[in-house]
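K.L.:
Each chain, written out:
2 protein chains.
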Amino acid sequence: MGKKARTAITPTREENFPEWYQQVIKSADMAENSPVRGCMIIKPYGYALWENMQQVFDGMIKKLDVKNAYFPLLIPLNFIAKEADHIDGFAKECAVVTHHRLEANDDGKLVPAGELEEPYVIRPTSETIIGDSMARWVQSYRDLPMKLNQWCNVMRWEMRTRLFLRTSEFLWQEGHNCFATAEEARADALLMQETYREFVEDYLALPVITGEKTEDERFPGADATFTIEAMMQDGKALQAGTSHDLGQNFSKSSGIKFQAQDGSEQHAYTTSWGISTRLIGGMIMTHGDDDGMRMPPRVAPYQVTIIPVVKGDTDETKLFAYADDIAMQMRANGVRVEVDKTAESTPNKMWGCIKKGVPLRVEVGAREMDAGEVTHVRRDLGRDSKETCSVSDLVGKVQTILDDIQDNMYNQAKAFLDNRIFEKSSLAEMREFFAKGEVGYCKIDSALWGTDEFNAVCDEFSLTPRCMPLADGGQKVLVGKAY
Amino acid sequence: MGKKARTAITPTREENFPEWYQQVIKSADMAENSPVRGCMIIKPYGYALWENMQQVFDGMIKKLDVKNAYFPLLIPLNFIAKEADHIDGFAKECAVVTHHRLEANDDGKLVPAGELEEPYVIRPTSETIIGDSMARWVQSYRDLPMKLNQWCNVMRWEMRTRLFLRTSEFLWQEGHNCFATAEEARADALLMQETYREFVEDYLALPVITGEKTEDERFPGADATFTIEAMMQDGKALQAGTSHDLGQNFSKSSGIKFQAQDGSEQHAYTTSWGISTRLIGGMIMTHGDDDGMRMPPRVAPYQVTIIPVVKGDTDETKLFAYADDIAMQMRANGVRVEVDKTAESTPNKMWGCIKKGVPLRVEVGAREMDAGEVTHVRRDLGRDSKETCSVSDLVGKVQTILDDIQDNMYNQAKAFLDNRIFEKSSLAEMREFFAKGEVGYCKIDSALWGTDEFNAVCDEFSLTPRCMPLADGGQKVLVGKAY
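Residue numbers (my numbering), protein chains in the order written: chain A, 322 to 804; chain R, 322 to 804.
Okay, chain A solo, but in the shape it has when bound:
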């Protein structure tokens, strides 16, 4: 008892990080496994987070003149086979549609019928099918740049799955841009990486390292892959978003050609870039604590939960009205507020709020109501931040408090990341670091990458090169364990 009884999540992070992760998701009611192999159900609280993330990021890309569109779910086999590296990368994990109806067999059992002449795969990503459209839509240099994006589901048949982090079906956005020159495509891949960095750092409070993937870690068919890498609390990396400079690989396999200003016919240069519901897993493993989830205020489903504390002779109707009025005042300032009027007990409501990671919890009882006051507690600081003030005081400063929570969460995660990157001057030193079970990444000279010794250490400790940080001008490689 004692220490353990004081955490809402069992086990704690230290006891069993993977199991703690599952329990946080369950306690916050964000998602669960489905009866379909490897596919998850995103529950309303998890989906509300995703909606907020979508809204913010969608606004960011629209400012960059990206247009949303929608392309077919199914991809003809001959499309996906067009780019050799691409098919190598995705063939092993495709859901394949082979029939178009069901029919009862002699035993009355439903079986597939109506075999298709050519099977389709459910999109694992859409470079090939969007490339086919671009080949028709891009005719002249005047049609460029063309920037398209779709928010959709994709499917990769994963054998070992984990909620949000790795599921057979997941939700994402995939951007596909097309340019007249190699320089523009490279600049765009870097711009989208920077847009991802801004999004995850400023809104999700996830500090990241921006870098380029080593060639063995590139997207299948890319000339270069740029990544943002976050560090989880167990020291493992999470690839949080990637943007690919595809050069002319896909424009050649898809036939995306245009007439240049000088009249010549040229192949275009394309990029693609994506972030997914996997980011939610990254937020949980970065921000969660032993009491559950902590939602970054800027994308939290609710930024504030007001709990009316009903005791023996409290006038519930009056107290609910008091809470509703406070909620209304905050909502008028654009704050997302929920009033918890469920039949749960007050402790259950409070713990529910903590486990869901609502940034600010507000409690109002008869005493507060009579005094025109509220009591509020920050999720990031816990009970020590408990404070009672007037309603107007809180309404006036709630946005400032939320901003401060956001900053605090980012700074905590940033300090963690910065403190767990270790420069190592040799592979022996790197080996020693991981042999000791240290938490974090090693940074080594990029000349050491790819040697037999490098590969041996990576194999021994299940390490992968995470990226060559942009800040080091490609001279260094970060190495670590990863999700």
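If you are wondering where the hints come from, they were derived from the structure by calculation, not from laboratory data.
Heads up, a few of these hints could be off.
Derived Cβ-Cβ restraints for the label pairs, each shown as a range [stated by the list, open to error]:
| no. | chain 1 | residue 1 | chain 2 | residue 2 | range |
| --- | --- | --- | --- | --- | --- |
| 1 | A | E665 | R | P339 | 51 to 59 Å |
| 2 | R | D645 | A | T638 | 52 to 60 Å |
| 3 | A | K757 | R | Q582 | 56 to 64 Å |
This structure is a prediction, so every number in the text was calculated from the model and none was measured.
From the three backbone atoms N, C-alpha and C, an ideal C-beta is built for every residue, glycine too.
For chain A, the structure is supplied; the task is to place chain R on it using the hints.
P.N.:
For chain R alone, kept in the frame of chain A given last:
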């Protein structure tokens, strides 16, 4: 020549309505057929319309306490087989996933590999998979009502497809609500029908008849299906949205049980309700004219397009800045404005704007700039509405103009609908109406429905009972051709 040369769309509605429809979509650049059988590509201009529709309707259902979530794309065969009517309704048009990877055969050709023990179908609708979750989530009367919705893609393998109206894959929302009593479920099905009516009439300017489907036209597995039926300009009906009272059919097949307040265990009552990208087809066939699309202002991708009219010695930079400034002033009032700075000629820009159906076209040339004026033309009224006024005048009244366009479009469509419903006292009269090739619906006494003579007339002219209008208390049936 002559008359024909004056319409932007060839053929006209009168000449060939189905082909006119395809040409309107093409001219407005809204969608196109894809290389995947029966699947469409929704292009940016069409998708922007869908996004606006989603945003409005999503706001409406959130006010009704509906929570968005996300369920798997794939449905196990044994799930879909649970409800007998349901499987009868959907088995003939399911995309079936049977394998989970690709592999090169001896000829180097990619073929499906990794056969699944149990195949999956791509969801044609999600009653069964959501029902499975509800069975776990609903335990007590306190968990009810539960109202869930998802925005997603679904697939029904259609043999004859048409952009937006009937495609193998389409986008939609599907709501799934669950209640403790039959009365609540019935009231909910009617509430969602009414919400659809409000959405399509007030935002899409589509007048509809609200009614109940006759039993042969019900959703497979429903006790009652409520519908909103719109009338296209060729007099055919379009089912624009449906809500189903599923009674206990799906709660029994999925095992959605709860402990009632009296301690007894009971099966819940469910509803489901959906609208889709098909509505876009309905908007085109209701509002389009021989010059192309007409977008209802409340959901139009752009409500206003400003065309800078550049002539010989016009200072283009200055004129663009003038146009941008006007756009900015309107945007500050929440108006969606585009400034057309493309390299197209002025006539091409003007006709492009007309074909895309932008509600208000604003033209500014050197003369307007010098006078601080603008010239504007309404899409619904055409050149007769051309007017020149000061910038501040237009900025002040643009919202009123847009509202007036919205009302005018609705009223036009409403007059069309109201004038083309004909009460017939016998099936002989109904037969005569359709034999003459008249445009519209016949309304007959519901006692005539389902008789041999009724079925014979329906077969002869490809008619279907559209609905029993709520306004007639179920005593009448509307009959017509339909999309």
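K.L.:
Run every hint past the structure and note whether it holds.
P.N.:
Against the structure, the hints:
1. E665/A - P339/R: 51 to 59 Å: At 57 Å between Cβs, range holds.
2. D645/R - T638/A: 52 to 60 Å: The hint (52 to 60 Å, Cβ to Cβ) holds, given that D645/R and T638/A are roughly 54 Å apart.
3. K757/A - Q582/R: 56 to 64 Å: Hint holds: Cβ distance 60 Å, inside 56 to 64 Å.
Consistency note: the structure conflicts with none of the earlier hints.
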